Amino acid sequence: MNELTLTSLGIFSVLVFQNLLILWIASMLSEWWVRKLFARTQRRMGPSYVGPLGILQPFADFLKLLLVKTEPSYKYGSVTLARIFGCIGIGALTTSLFLLPISPVRIASDFDVILLIYLLGVWVAVSELLMFTSLTNPFAIKGVSRYSSILAVAEPAFFTAVIVPVYLTSFVARRGPVFSVSVAVETAWRLWLNPLTAIPMLLATIAALISIQSKLMLPPFNIPEAEQELIAGVETEFSGPLLALFNFLHDADLYVLSLVVTFMFLGGPHPFSENLVLGVLTTILKYLAVLTTITILKSSFGRFRIEQGVTSVIKYALIPALVALILSVVVLSFI
Amino acid sequence: MVTQLNLDPWTATLFLSGVLAFSSLVMYLIYVSLSRKTTHSSSEYSEPYIGGEPANIIRSIDVPARNLFWGIVRGTGRKLYVFLRDQMHNGVLNDWSVYMVTYVGLLALISIIIYFTR
Chain F
1 MNELTLTSLG
11 IFSVLVFQNL
21 LILWIASMLS
31 EWWVRKLFAR
41 TQRRMGPSYV
51 GPLGILQPFA
61 DFLKLLLVKT
71 EPSYKYGSVT
81 LARIFGCIGI
91 GALTTSLFLL
101 PISPVRIASD
111 FDVILLIYLL
121 GVWVAVSELL
131 MFTSLTNPFA
141 IKGVSRYSSI
151 LAVAEPAFFT
161 AVIVPVYLTS
171 FVARRGPVFS
181 VSVAVETAWR
191 LWLNPLTAIP
201 MLLATIAALI
211 SIQSKLMLPP
221 FNIPEAEQEL
231 IAGVETEFSG
241 PLLALFNFLH
251 DADLYVLSLV
261 VTFMFLGGPH
271 PFSENLVLGV
281 LTTILKYLAV
291 LTTITILKSS
301 FGRFRIEQGV
311 TSVIKYALIP
321 ALVALILSVV
331 VLSFI
Chain E
1 MVTQLNLDPW
11 TATLFLSGVL
21 AFSSLVMYLI
31 YVSLSRKTTH
41 SSSEYSEPYI
51 GGEPANIIRS
61 IDVPARNLFW
71 GIVRGTGRKL
81 YVFLRDQMHN
91 GVLNDWSVYM
101 VTYVGLLALI
111 SIIIYFTR
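First to last, the protein sequences are chains F and E. Every letter in the first sequence is one number past the one before it in the numbering used here, and letter 233, counting from 1, is 233. Every letter in the second sequence is one number past the one before it in the numbering used here, and letter 113, counting from 1, is 113.
These aren't lab readings, by the way, just hints derived from the structure by calculation. Treat the hints with caution; some may be incorrect.
Straight-line alpha carbon distances no greater than 30 Å define the calculated DSSO-like cross-link-like pairs of lysine-lysine that follow [stated by the list, open to error]:
hint, chain 1, residue 1, chain 2, residue 2
1, E, LYS79, F, LYS64
2, F, LYS298, F, LYS64
3, E, LYS79, F, LYS315
4, E, LYS37, F, LYS69
5, F, LYS36, F, LYS64
6, F, LYS64, F, LYS75
7, F, LYS298, F, LYS315
8, F, LYS69, F, LYS315
9, F, LYS75, E, LYS37
10, F, LYS69, F, LYS36
Stretches of chain F that chain E covers, calculated by requiring three or more beta carbons in the stretch to come under 8 Å of a beta carbon on chain E [stated by the list, open to error]:
hint, segment
11, 101-109
12, 137-150
13, 174-186
14, 272-286
Estimated spans, in silico, between C-beta atoms of each pair [stated by the list, open to error]:
hint, chain 1, residue 1, chain 2, residue 2, range
15, E, ASP86, F, ILE11, 44 to 54 Å
16, E, PHE83, F, ARG190, 42 to 52 Å
17, F, PRO104, E, ASP86, 47 to 57 Å
18, E, LEU29, F, SER73, 14 to 24 Å
All values reported here derive from a predicted model rather than from experimental measurement. From the three backbone atoms N, C-alpha and C, an ideal C-beta is built for every residue, glycine too.
Please build the complete structure, drawing on both the sequences and the hints.
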């Protein structure tokens with residue numbers, strides 16, 4: 001494949017498939033699934049009016065905020081900065097999709113898991129924090145302080161959990177590239193078949209799900225938003241197009257992090273990797289299972305206080321992830 | 001059509017950094033071209049929202065940087081927090097990112113050591 005074709009394919013990937021456009025559509029559909037399921041657990045209808053079963057409601061909400069409402073103008077903050085950091089966060093999520101097997105152009109290299117962590121952990125988290133702090137408000141800053149407290153333990157927990165399948169598959173697959181997301185995606189399912197590797201995988205999966213819950217500020221870790229106590233916490237000053245941008249960033253984060261769990265922990269299309277249709281269906285089912293788990297967790301708990309939230313992430317995400325990593329090292333010495 | 005590019009780590013980093021810059025720029029251009037700017041001239045729309053009260057009811061609309069991480073302070077160890085804050089952290093977000101990058105670097109170092117000593 002010559003460079004021109006590759007560049008064209010790369011630009012197509014960024015703009016259309018599997019990136020910005022599909023990212024937007026998939027994020028909105030994920031939001032619909034979570035909202036509908038969450039509403040059903042509370043015996044509410046959830047989105048119902050726009051499209052069949054209300055499936056187009058998140059699209060309508062987004063487009064209304066972006067196209068009809070006006071962007072705010074603040075004396076004590078910079079809307080431009082908030083806008084820039086929101087776009088960088090979405091750019092980082094878009095870029096991370098190049099490392100997963102759903103992009104026409106996939107990137108693989110030795111130790112590329114560090115790039116995934118760099119994009120999802122550093123760029124997205126810092127972009128969100130700076131987006132929040134760009135619009136100064138006492139409630140927003142209070143929310144940011146809570147959010148950064150949770151991130152300080154949730155991010156290391158997520159990184160460590162992600163490293164477990166990558167580390168195990170590097171040795172089990174016995175082929176390059178080493179410590180690579182692509183090898184982990186293709187081989188992760190084999191780890192569940194061996195009881196010795198299944199235990200660290202189970203611990204890492206639980207840790208990843210709980211850290212995702214806290215990174216996304218979903219209940220019970222929604223103390224940074226803390227409606228009624230902090231108005232809307234980190235989102236207090238967001239309105240109109242800026243709120244649409246933040247909602248997109250949040251939903252895209254949910255989509256990409258759930259995809260990471262689907263592919264790197266649950267094996268993606270396996271056991272139908274050879275059949276395109278069945279493989280895609282299996283991946284979608286696993287993805288929905290991840291979203292459903294997140295939604296059930298969301299609907300099962302009330303809001304934790306900040307110290308409860310931090311302690312819970314340490315207990316149920318950071319420590320299991322570290323134990324899983326240590327177990328992986330021990331287990332591999334027996335295999 | 002699916003193409004997997006097996007690159008060396010340096011080229012992969014450069015490629016993905018380029019994609020990050022390009023996709024962020026595209027997203028920014030889409031956002032700017034579609035969103036509408038405010039036409040309100042009233043100060044009400046440029047003041048921070050403090051439960052409907054005017055901004056001058058509070059001493060400062062900002063919160064001191066040292067108050068970041070107060071959640072950890074109250075819940076999980078004041079002594080440890082004060083030690084960390086005084087020794088290695090001043091509440092600036094840049095320092096937080098340095099801490100995170102250092103942690104990732106430590107994990108990467110452990111991975112490299114394990115890989116070369118297996």
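Going through the hints against the structure:
1. Of the pairs offered as hints, the one joining LYS79 of chain E and LYS64 of chain F is violated, with about 49 Å between alpha carbons and a cut-off of 30 Å exceeded.
2. With a C-alpha separation of about 27 Å, the suggested pair LYS298 of chain F and LYS64 of chain F falls inside the 30 Å cut-off, and the hint holds.
3. Distance check on the hinted pair: LYS79 of chain E and LYS315 of chain F sit about 20 Å apart at the alpha-carbon level, within 30 Å; holds.
4. Among the hinted pairs, LYS37 of chain E with LYS69 of chain F is consistent with the structure: their alpha-carbon atoms are about 9 Å apart, no more than 30 Å.
5. With a C-alpha separation of about 20 Å, the suggested pair LYS36 of chain F and LYS64 of chain F falls inside the 30 Å cut-off, and the hint holds.
6. Restraint check: the Cα-Cα separation between LYS64 of chain F and LYS75 of chain F comes to about 25 Å, which is no more than 30 Å; the hinted pair holds.
7. Of the supplied pair hints, the one linking LYS298 of chain F and LYS315 of chain F holds, its CA atoms being roughly 18 Å apart against a limit of 30 Å.
8. Distance check on the hinted pair: LYS69 of chain F and LYS315 of chain F sit about 43 Å apart at the alpha-carbon level, beyond 30 Å; violated.
9. Simply put, LYS75 of chain F and LYS37 of chain E have alpha-carbon atoms about 15 Å apart, close enough for the 30 Å limit, and the pair holds.
10. Distance restraint check for LYS69 of chain F and LYS36 of chain F: the Cα-Cα separation of roughly 25 Å lies within the 30 Å cut-off, and the hinted pair is therefore satisfied.
11. Counting residues of the segment 101-109 of chain F whose C-beta sits closer than 8 Å to any C-beta of chain E gives 7, which meets the bar of three, so the coverage hint holds.
12. Requiring three or more residues with a Cβ within less than 8 Å of a Cβ of chain E, the coverage given for the segment 137-150 of chain F holds, as 11 such residues are present.
13. For the segment 174-186 of chain F, the proposed coverage by chain E is satisfied: 5 residues have a C-beta within less than 8 Å of a C-beta in that chain, meeting the threshold of three.
14. With a cut-off of 8 Å between beta carbons, the segment 272-286 of chain F has 0 residues touching chain E; three or more are needed, and the interface restraint is violated.
15. One distance hint, 44 to 54 Å for the beta-carbon pair ASP86 of chain E and ILE11 of chain F, holds here, with the actual separation near 49 Å.
16. At about 44 Å, the CB distance of PHE83 of chain E to ARG190 of chain F agrees with the hint of 42 to 52 Å.
17. The hinted window of 47 to 57 Å between PRO104 of chain F and ASP86 of chain E holds, with their beta carbons roughly 51 Å apart.
18. Restraint check, LEU29 of chain E to SER73 of chain F: a C-beta distance of roughly 21 Å satisfies the suggested window 14 to 24 Å.
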